[in-house]
Amino acid sequence: MADERDPRLSQHYRDLGAEEPPRALDQTILSAARRAVEKPHAPLVTPGGRHRWYFSLGAAAVIVLAVAVTYHMQQEQPDPDSLGISTAPEAQKDEAVKPAAKPESASRELAREPASPQAAPPAGPSAESQSRAMRAPQIETPERMLERIIRLRKEGRHDEADKLLAEFRRRYPDHQIPAVAKK
Amino acid sequence: MAEAPDEQLMLAYREGDAGAFESLYARHRIRLFRFVLRNIKSRASAEELYQEIWMRVIEARATYRPTARFTTWLYTIAHHRMVDHWRSARLPTVSLETDDIPASNPGPQQHMEAREALSRFAAALESLPAAQREAFLLHEEAGLTAAEIAAATGSNEEAAKSRLRYALAKLKAAVDDG
Numbered sequence: 007m008a009d010e011r012d013p014r015l016s017q018h019y020r021d022l023g024a025e026e027p028p029r030a031l032d033q034t035i036l037s038a039a040r041r042a043v044e045k046p047h048a049p050l051v052t053p054g055g056r057h058r059w060y061f062s063l064g065a066a067a068v069i070v071l072a073v074a075v076t077y078h079m080q081q082e083q084p085d086p087d088s089l090g091i092s093t094a095p096e097a098q099k100d101e102a103v104k105p106a107a108k109p110e111s112a113s114r115e116l117a118r119e120p121a122s123p124q125a126a127p128p129a130g131p132s133a134e135s136q137s138r139a140m141r142a143p144q145i146e147t148p149e150r151m152l153e154r155i156i157r158l159r160k161e162g163r164h165d166e167a168d169k170l171l172a173e174f175r176r177r178y179p180d181h182q183i184p185a186v187a188k189k
Numbered sequence: 066m067a068e069a070p071d072e073q074l075m076l077a078y079r080e081g082d083a084g085a086f087e088s089l090y091a092r093h094r095i096r097l098f099r100f101v102l103r104n105i106k107s108r109a110s111a112e113e114l115y116q117e118i119w120m121r122v123i124e125a126r127a128t129y130r131p132t133a134r135f136t137t138w139l140y141t142i143a144h145h146r147m148v149d150h151w152r153s154a155r156l157p158t159v160s161l162e163t164d165d166i167p168a169s170n171p172g173p174q175q176h177m178e179a180r181e182a183l184s185r186f187a188a189a190l191e192s193l194p195a196a197q198r199e200a201f202l203l204h205e206e207a208g209l210t211a212a213e214i215a216a217a218t219g220s221n222e223e224a225a226k227s228r229l230r231y232a233l234a235k236l237k238a239a240v241d242d243g
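Going line by line, the protein sequences match chains A and B. Under the numbering used here, the first sequence is numbered contiguously, ending at residue 189. Under the numbering used here, the second sequence is numbered contiguously, ending at residue 243.
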């Protein structure tokens, strides 16, 4: 049968020689094989050897990006004063009545604000703007905001409550609003 | 992994295991190289073709399916590359380098006879029609059956058997001729 070998012919064939591919050719092919499987996608587990630096670089990039985004979001936080939301209504009222307010009222306002690393600025209109500029950005929780709306409603200050409610809806469109805060 | 079948190694390589390819390569490098070398006239061309065949294996890894023996698949690629080579180079026949035959070693009569038989075998192999020589080499070097030779060369099994039968008969006659 054709599939059966003739031992004598096989022996003659073997005697022709046992040529091998050159070692350099072997290395070329094996290198190409390795490169081919390294290329398509980065491994999900930490690699060893010369690719370890990919992960350090990636981690550093993620950290820098996270810090930058957080800082940017804090800068974007709207100034409550520009929305007509008073953080210290009494103090502002005092200032409206008395432009050259006493130092005590200014310090009282600062005392109501979240911890500020700055020393108390001098009172007066220009001091007030400086104070706003230096005010540390703050993020008000929806619950705190609702409490303020309800308090304004109780005090009969519905215009301010409506403005604050509108801002609340813009910031937290999915948050439930109790009826007492609406009217 | 080194003991795994060829097909399993190729699948592992497809999944990114470069070590599996190294095992596979080590198994087939000598036989495939000799197969190409004895089908192609020059060693330089044989080396070039040999490299191209393995590059095709690397490129085709993503589409590899173990529907047949890996050896059949490998030598199918080799056959196609050699056909391309013959077409471009217009080489209907090939010759074996005389350097491939071990150097003569003057000695007893039987050594001389053996060497003469080997020379006749080499000459007969060289003078075989390309299809018969390829069938013989696929059978002898790669260990393919007639059915696998047919699959690798794109012919039918009867034609493969016939080529192999003719090749074996001619080679046997050449060896016995002395």
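Bear in mind the hints are in silico, worked out from the structure with no lab data behind them. There's no promise every hint is true.
[Claimed, not checked] Listing some non-contacts, in silico: residues in chain A with all C-beta distances to chain B over 12 Å: (1) H18; (2) Y19; (3) R20; (4) E26; (5) L31; (6) T34; (7) I35; (8) L36; (9) A38; (10) R41; (11) V70; (12) E153; (13) G162; (14) D168.
[Unchecked claim] Result set (EDC-like, lysine to aspartate or glutamate): computed pairs, CA atoms no more than 16 Å apart in a straight line: (15) A:K169 / A:E153; (16) B:K235 / B:E191; (17) B:K106 / B:D71; (18) B:K237 / B:E191; (19) B:K226 / A:E25; (20) B:K237 / B:D149; (21) A:K160 / A:D180; (22) B:K235 / A:D165; (23) B:K237 / A:D165; (24) A:K45 / B:E191; (25) A:K188 / A:D168; (26) B:K106 / A:D12; (27) A:K189 / A:D165; (28) A:K45 / A:E25; (29) A:K45 / B:D241; (30) A:K45 / B:E181; (31) A:K188 / A:D165.
[As the list claims (entries may be wrong)] Using C-beta positions, here's what the derived DEER-type ranges look like: (32) A:S37 / B:A224: 38 to 46 Å; (33) B:K237 / A:K45: 26 to 34 Å; (34) B:E222 / A:G64: 50 to 58 Å.
These numbers come from a predicted model, not from an experiment. The beta carbon of each residue, even a glycine, is placed where N, CA and C say it ideally should be.
> Which of the listed hints are broken here?
Replying inline: 1, 2, 3, 4, 5, 6, 7, 8, 9, 10, 17, 19, 20, 21, 22, 23, 24, 26, 28, 29, 30, 33
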